[in-house]
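Let the hints inform the model, and build the full structure from the sequences given.
Number of protein chains: 2
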Amino acid sequence: MTGTMAVADVVSLDAGDPLAPFRDRFHLREGLIYLDGNSLGALPRATGDRLAEVIGDEWGEGLITSWLGASWSTAPRRIGDKIARLVGAHPGEIVATDSTSVNIFKALTAALSLRRERPVILSEATNFPTDVYMMQGIEAFSGGRVKAVTVAPDAIVDALSDEVAVLLLTQVHYKSGRVRDMAAITRAAHEAGALIVWDLSHSAGAIPVDLNGANADFAIGCGYKFLNGGPGAPAYLFAAARHHGATPILSGWFGHARPFDFEEDYDPAAGIARFQCGTPPVLGLAALEVGVDLMLEADMAEVRRKSLALGDLLIARMQPLCDAYGFALASPRDHALRGSQVAYAHRQGYQIAQALRELDVIADFRAPDILRFGLTPLYLRYSDIVETVERLERVCATRAWDKPQYHQRAAVT
Amino acid sequence: MTGTMAVADVVSLDAGDPLAPFRDRFHLREGLIYLDGNSLGALPRATGDRLAEVIGDEWGEGLITSWLGASWSTAPRRIGDKIARLVGAHPGEIVATDSTSVNIFKALTAALSLRRERPVILSEATNFPTDVYMMQGIEAFSGGRVKAVTVAPDAIVDALSDEVAVLLLTQVHYKSGRVRDMAAITRAAHEAGALIVWDLSHSAGAIPVDLNGANADFAIGCGYKFLNGGPGAPAYLFAAARHHGATPILSGWFGHARPFDFEEDYDPAAGIARFQCGTPPVLGLAALEVGVDLMLEADMAEVRRKSLALGDLLIARMQPLCDAYGFALASPRDHALRGSQVAYAHRQGYQIAQALRELDVIADFRAPDILRFGLTPLYLRYSDIVETVERLERVCATRAWDKPQYHQRAAVT
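Chains as they are written, first to last, in full-length UniProt numbering: chain H, 1 to 413; chain S, 1 to 413.
Treat the hints with care, as some may be off.
Treat identical chains as interchangeable: a pair holds within one or across any two.
Here are the simulated EDC-like cross-link-like pairs (lysine to aspartate or glutamate), alpha carbons at most 16 Å apart as the crow flies [said to hold, decoys possible]:
# : residue 1 : residue 2
1 : Lys147    : Glu117
2 : Lys82     : Glu297
3 : Lys82     : Asp210
4 : Lys403    : Glu358
5 : Lys175    : Asp261
6 : Lys175    : Glu390
Think of the hints as simulated: they come from the structure by calculation, not from any bench.
Here's what the structure looks like:
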C-alpha cells in the first residue's frame, strides 16, 4: 500500500502527524534529510540557551557554590530519574554519568560481584563492539577468573549454562535494528541463574522499554542518540533496586556515602549513587537534560507508531531499488521485530552513503556493507522518507557511487 | 617584610605584575575574591562563545560529520598534546578524556599489567580520597591478587618493598599544599622495581611540572582546577611512551586500533589512543581546551613566581590573626615546598569559611578543620590577598562564625 502511496497521501500523513510540532524544537538545516539520529541526535533548539546559562550564570557567577546552589551534585540522579520514565525504571534506579563503555564495565563487574562462583560473561557475536571489548578487558584483568564468551545471536538462550554469571545483550541491534524480547530473555537468564545487563543505546527514546516489567537486573545506554544529548553526552546506568548492594569496582569519590567528609576508606553510598565514580560532567549533563526533557514531552506510544510507519514507508518505497540495484533488506520486515531504523546491505554501501551526502541526505554506513537509515520520529517527516528514496534512486541511476573520491575510506564515517 | 607592607606597596606590586592582564580574560564578579580556583577554576571569557560555536555550528549544522569535519574524534589527543606542554610530556603521551577517578583506574591497572608478579598498590594515607578509593576497588575485584596499601606520608620511600607494583602519589597535597619531589621519589620507586603514577590535580597549571625530566611512568590530573576547564571537565592521562604497550582494562571502542571497522575483538590502538575508552565528551573537551589554551599563553615560571609571592604575602598578613585567633599554618612555610595554596587549621574552619562567603570571599573548607586558600596567579591580585585578610579579621573580631546558620554542615562545601 505505502509503496505506491501518492505524494498527496504523504502530505496528508505529515499534516495529520501528532508529533509534527516537535520538528520545530530542533535545529535542522533547510534541505537536509538527517537519517543518522541513531548515531548522533539532532540539536534541540533549547540546548544553546541552557548551556549559555550553565556557563555564564552557574559557572561564571556561582562558581564553586553551584555544586549545591545550582544542584550540579545531584544532576546525575535527577537526570537519571527522568530517563527512568522513558525505560520503565523507578526513581532512584538510574544515574547519568560517564560513557556507555565505562557504565558497561560498572554493570558487568557489579553483576560478577553478585555471582562470584560463575566465570562467564556471555554476549552475542555481532553485538556493538564496545560491549564485547569491555568484556574482553575484564577477562584480561581477571587472571583467568572471568571468561568473555560470545555465541551466534540465535544461540544465546542455549548458551545459558550454569557457568554464566551475566548475559550482556543489546535490546535493538545497532546494525539490523532487530528488537530482542526483553522479558523472555531476561526470564531465560534468571532461570539459568544468571543476571542480565541490557544495552539500551538504540532503544531508549526509540521504542517503549519496560525494564522493571521485564525484571531486568542492570542496563546501560547512550545519551547522544535518540535522547539528543549532544556529541559524547554522558551515558546512564540502571541497577534494579534489589542490586543496590552490589560492589562497584570503579569506586570513586562521587559514589562514596559521604564524599565531602574525605574519609580514608571507601564506603559506598546507599542506592544508585554508588554507581557514580568521578566528579559529574556538568556541561554534558546539562545538554543531556534538555534532550531528555524534550523526549519526555512526547507520547512514547505515538513515537513508536510513527517510527514503524516511517520504516514501513521506507521499505515499501525501497522495493523497486532492491529489485533494480541490488539492495537487500537487512532489518526485520515484520515491524514488531524492528527498532527505529532500517538497514540495507549493498556491496557499495560506503560509497552510496557518501554519494547521498552530496544530495544532502545523511545516512550511516556500518562496515562491511550496511547502509543504515535511522528513524527519529520527533524530527523526521513522511515526506523526508519519500524524498530520501528519490535521491537514492538518482544516486543509483547515475551510478554516482563510482566516483573515485568515494573509494577512499575515511577513518570515521 | 610583606607582613607590614603598606597599601601603596601592594598597589605597586599589582601595577608591576606581568600576569595582571590575564585577569580580564576571566569572568569574575565585581567585589568577589575567589580563593577556590584549586577546586573549580574561574570561567574564561572565551568559553561561552566557543561552546556556542560547538553547539550551534559543529553539532547543529555539522551533525555527525563533525566527528571528522570539526575534529571531534581527535580532540582528546589534540588537547592532550597541549596539556603535555604544561607538564613536561611529549606529544602523543597524554590523552584528555573521562574523569580523574576513571583515569586513575586506567593508570593503575596498566601499571599492574607491567608488574604482574607484584601485588601491592602503595599510596599515602591522607591522599585525596578518590585515589585511595580507586585502589580499594581494584583490590576488591582482584580476588586477593592485588593489595591496596597506604602508609604515613613520611614512610612512603621506606615502604617501597619488592612487593610494590605501583606507587600512586599526588604531587601537591590537596589539603596542605605540600609539594613532593617528583624526580627523587620516582627514582626511589624505580630503584625498588616499582612504577609510579603521579596525580597532578593540584600541580598542573599551578607549578612547573616535568614528567619526563623525572622519568615518570604514568600521571593523571584534573581539568577543572588550575586548567579552568569547567565543572566536571574531562580529566587527562599521561603514559610515558615506553609504556604504550600496557594493556588497558577499560578497553572501549575509542581505544581500538580501528574503531570504525567494528571488529569483533579488541585490538588496542598504538600509542596513547589506547587509553581512551568510550566516545569522547565533546562539549566538556571544548571548554577544557579554552582553559588550556589560556594557560599556555602564560609563562609558567612567572606563574610560579607570583604564586609564591601571593602565598608569602598571605602568610605574612595572617600572622597577627594566628596569634590572636588561633589559626595554625597547615602548609609549608618554606615556599619551595608549597604548591599554589595556603591552608590553615582552625577548629571553626567550616564556620569561618561560611562567614567569609557573606563578605564575598570564597575560600574552601576541607574536613575536619582546614581552611584552604587557593592561589590562582592568572586572576588573583596582591590586593585581593590583603583584602581577604582584612575581611577575615572582621569575621574574627565579631566572632561571626558563631552565627547559628553556620553550624549546620551542608552536604557539599
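Here is how each hint holds up against the structure:
no., hint, in the structure
1, Lys147 with Glu117, "within (12 Å within a copy, 21 Å between copies)"
2, Lys82 with Glu297, "within (11 Å within a copy, 42 Å between copies)"
3, Lys82 with Asp210, "within (14 Å within a copy, 45 Å between copies)"
4, Lys403 with Glu358, "within (12 Å within a copy, 68 Å between copies)"
5, Lys175 with Asp261, "between (47 Å within a copy, 13 Å between copies)"
6, Lys175 with Glu390, "neither (23 Å within a copy, 65 Å between copies)"
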